[in-house]
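> Given next are the chains, with one letter for each unit.
Protein chains: 2
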Amino acid sequence: MVKRYLVLRSLDEALALLTTTFTPPDRIERVPLMQAVGRVAAEPVYAKYSVPEVNLAAMDGIAVRSRDTIGANNTNPVTLDHFTRVNTGNIVPPEFDAVIMIEDVWDAGSSFQIRKSATPRQHVRLAGEDIRENRLVLPKGHLIRPFDIGALATYGITSIGVLEVRVGIIPTGSELVPLGVRPGPGQVVESNTIMAQVYLSQTGAHCTRYPIVHDDPDLIRKAILVAVKENDLVLISAGSSAGTRDFTESVIRSLGELVFHGVAVKPGKPVMLGRIEKKPVLGLPGYPLAAQTVLREFAAPLLESWGFAPAPRYPITVRLAQPLVSDLGFDEFIPVFVGRIGPEIIGTPHGKGAAVQMATVKANGYTHIPASVEGYESGTSLEVFLTTDPGSVERTILLTGTLDPALEELAGLAHNEGLYIHATNPGNISGLRSLQTNTCHAAPLSLPARSLLTSYQPLITYGEGLDLAFIHIAAMELGIASRDGLGIGDLTKARFINTRKGTPSRSVLDTVLAGECLDPAQVDGYLLEVHGPPAVAAAIRNGFADAGMCTSGIASAEGLRFIPVAHEDYEIVLRREMLDDKRIRTLVSIIQSPPFHAILEKAGGYDMSLTGTIRGLNGDNVLAPLSPGRLPAGDL
Amino acid sequence: MVKRYLVLRSLDEALALLTTTFTPPDRIERVPLMQAVGRVAAEPVYAKYSVPEVNLAAMDGIAVRSRDTIGANNTNPVTLDHFTRVNTGNIVPPEFDAVIMIEDVWDAGSSFQIRKSATPRQHVRLAGEDIRENRLVLPKGHLIRPFDIGALATYGITSIGVLEVRVGIIPTGSELVPLGVRPGPGQVVESNTIMAQVYLSQTGAHCTRYPIVHDDPDLIRKAILVAVKENDLVLISAGSSAGTRDFTESVIRSLGELVFHGVAVKPGKPVMLGRIEKKPVLGLPGYPLAAQTVLREFAAPLLESWGFAPAPRYPITVRLAQPLVSDLGFDEFIPVFVGRIGPEIIGTPHGKGAAVQMATVKANGYTHIPASVEGYESGTSLEVFLTTDPGSVERTILLTGTLDPALEELAGLAHNEGLYIHATNPGNISGLRSLQTNTCHAAPLSLPARSLLTSYQPLITYGEGLDLAFIHIAAMELGIASRDGLGIGDLTKARFINTRKGTPSRSVLDTVLAGECLDPAQVDGYLLEVHGPPAVAAAIRNGFADAGMCTSGIASAEGLRFIPVAHEDYEIVLRREMLDDKRIRTLVSIIQSPPFHAILEKAGGYDMSLTGTIRGLNGDNVLAPLSPGRLPAGDL
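Taken in order, these protein sequences are the chains called Z and D. Heads up: the first sequence begins at 1 in the working numbering, then just goes up one per residue. Heads up: the second sequence begins at 1 in the working numbering, then just goes up one per residue.
One thing to keep in mind: the hints can contain errors.
One copy or two, either will do: identical chains are not told apart, so a pair holds if it fits within one copy or between any two.
With a straight-line Cα cutoff of 27 Å, these simulated DSS-like cross-link-like pairs (lysine-lysine) come out [stated by the list, open to error]:
1. Lys140 <-> Lys602
2. Lys229 <-> Lys279
3. Lys279 <-> Lys222
4. Lys222 <-> Lys269
No lab work stands behind these hints, which were simulated from the structure alone.
With the hints as constraints, model all of the structure from the sequences given.
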């Protein structure tokens, strides 16, 4: 029996071990002032001299003795003979104790007249006002920011001792090729250690990436020994799972002590920690999102426990747009797309696996689901940490419904207008429900032709009470996709792949079979269900099946042949008031633009005669927004 | 008459001019992937190939045909002869469409037994699942983050075209010396352009700092012409006020067009914008905090309007600890110290001038008061933008009351324990009021000796209903400070400087004068009031006055001679439950530590026989916390 389970530790327990097992390195690096931004002061920094060193004028004007000005007012102006003209920053000679602004003096030949008395120290920057010689400027442990650099320069500081740490990063895996080499089938670019280096360098760590080590215990052993000697922390990428070629654990055991292997965290479960020559050796899983979790939730906190700057976490509270299921007992980290709908901040979690790096590229946040939580209901208030500037929340459009390649093209164009489209694909009914609960900006739906819209049952059930508008994307055909041009007559001969009950393509298939007097049992694969038309097309493209129902657009995008069977309209449905939203107006202007038409034209399979028109449920024409940010004087 | 007022524009108007008068530079820089972090994609980035390019195993196990597994369950295991052993990431050969985890198979010699059927695509990463060839990875305008780099490497991208901008920065001013040269009296280190370079470089701008230009219109003209030719944006530092040597405006007028000079913003009012050879020339005021405002509120938004990453603004809502007065008609930007008191986030604004760079070094946030606001009451909810990691909120201790150098020493030690002490000095009564409203962690107060505490009127008035604890810092003397050792008998001969009515030192003076049967009118300067004892000592040190009342510690810190007159206890007063706060426990352990005693000993003027003891108002002993983070099993 080939079987190995990891004994999992809890995240808390693992973090406690990680941050208490090792002694912080005692390295200080002296860097020139201008290179100190983002670093942490390793020792207190004191002012070299007082600033200012002598009393200075804080305004342009005249330096005076305040005692000479007593009693001056509008009816009793005082003429001053004893003064000196000063500009801001000039020395106030010791005999003077106040400055009168130039706006408040009247030239009287060789003297000045004033109409208001001056108080002592008025408009005078006292010696040492900003800082006194040898006083603390930065405490030990201060994270140095750009504006700190200005102050430090002012106080005569030209270099700073900052915390230094050396991190060695070892990529392992015979399937790896270096960046710049095109991977062959089954090979991948060695990207996780690049990501680790870039991520940890942000905290000021000096990272050394070692050459790729093949899956050979002796080579891995040698590489670890070198890295441990040269660094304070060693990351070893991949080789930490339970496959036949995962040697990291045994190598760590042979060189030192295994602190843990396996933590109840997702993604990132196979994370491993060893202790070799008293130094931490952290094993990163191979999946990119798992590696990210380990970098962010293990490597960064270890460096933080050593005094380095914490990775900034900017929390925002969102209302969850969809239910979020989590494994009890696992701390889970899930990318979240955060957007504003009206006054509310809405978060849509990303459901895909740890191999999909595009999830974190597209998402603007993530959430941490504690081990004790099984999941959250839709609508729950949830804390999300943003991964980019908070302005991204205002630039995000959340779409929920039925996806089609046309929408991906639209998103591509919208991105270049500064909008982030996040579209999830739970289907028509979920899209309508999401409109009901106001947790999406709009729902892209595959609908019957417009004349039949008022009798479309889901719209009647879930759209009740909503004043909806329908932005037409394209009309398209639903039909049989195949690699070989199969038609209705071939359904009993080919390996079919189906979609779930209740989906439009399943309904169309059932109608077709009934029309041909065929029993579903005659269709090989009728019971093999995948998620939706895109999965059908992918399955056919990949050879899992020979035929299935999908749209002309999807079939075209997957390079499949297509026999049309039925017609549908692909529309973006939204609450009518949402047409006032600036983002939606931009989206509409893109839908109405020639580039979008050209792209759909080129993709093929789309009828664009209604593209960009906006109607209400009863077919009334809605005046289309003319341009982003400007609405026509219509009745919206 | 020497008189010049600027005609001020509103901030909104100025920003509109700034962001619409100029054409964005059309520069693209191609950088190697690992140098792209923090930069903005200048063009869309597409995947070089699909990831994965072929179907891969998503688990360690065996690749199978799902059709072979139908019907397998615990009572009817199925033996599979046709399979291949795969590790995570291995190619799934085209004949197979599912992977069964190694944990779910039973070795049966040359075959495997399974007890559960496999669905198509189970544990298979389909070709193109992460991304498909030529699909959009980053839209134009995407701010590139460390984890994006991992994805880009995976997708075969080795370099990226990012937005580039060249910024020329010209320091002007005859009083400037370069960093590394000790400024003479009236000179300052040329630090604002260093700060500008470091700040703008964070957005990826290429900054060129030019040599210091003296206050000479011809030299300034030449420098601007060179900088305009070589850059897309020119910053000219200082010379923008209305002093006799502020030539920037006239030089800009002679070379091009003055767009505005003077904006209703504080600090930063003299900001100036010119247009020379179609390029923006932005004049920074000389005061550091004014220069910061112009960098953050003008230069950064200009770059943002050109597509560069916005400076991240992380807002937090605070309750204002003190009233905040603002000039109507001016947009004001004020450093704020943000800390958590119990469940509430409290913000204390910084009151000092634009010359005090230490304000932004110490503060962890700032607030923007719109022009239409005259001020906020204490207790108002206010939006603050954090300037460092949000964790700083948990590390900040807010102290309000009466300051003494002993507290500064304490703060220095606390800083090195990772605590930021923010202490404001509005006096005893304000400190007690702040305890009442729970807007400070603790109030440092100058109090009568402990035996007289229960009859101290402010404590009776404002401490009512509060269960207070008193942490003793030091006992000290109040007395007459002077440069020449003046005593009570000299009060009628010297130039005296007083503190405001109601302050402890004023009361002591009045008692002394009454005791000596002296009329205040006999004391020259009795009516000259400054803010408190530190200001008294500074005034004497700076020669504005000859004598005044302050504490022995302050006199010692200012190097003055001192004749004691009365006794006082310097104590940190706080709500008793605050002793449970981890930060306060750390603070107490520092007060009780030998290094703090040694520092006060060295400073002189302090009696430390009670230092570190904690009592209640009625003299009851409070068990002192033994160590940070751990409380004795006492009755706190």
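> Against this structure, judge whether each hint is valid.
Evaluated hints:
| no. | hint | in the structure |
| --- | --- | --- |
| 1 | Lys140 <-> Lys602 | between (61 Å within a copy, 22 Å between copies) |
| 2 | Lys229 <-> Lys279 | within (9 Å within a copy, 53 Å between copies) |
| 3 | Lys279 <-> Lys222 | within (16 Å within a copy, 58 Å between copies) |
| 4 | Lys222 <-> Lys269 | within (26 Å within a copy, 63 Å between copies) |
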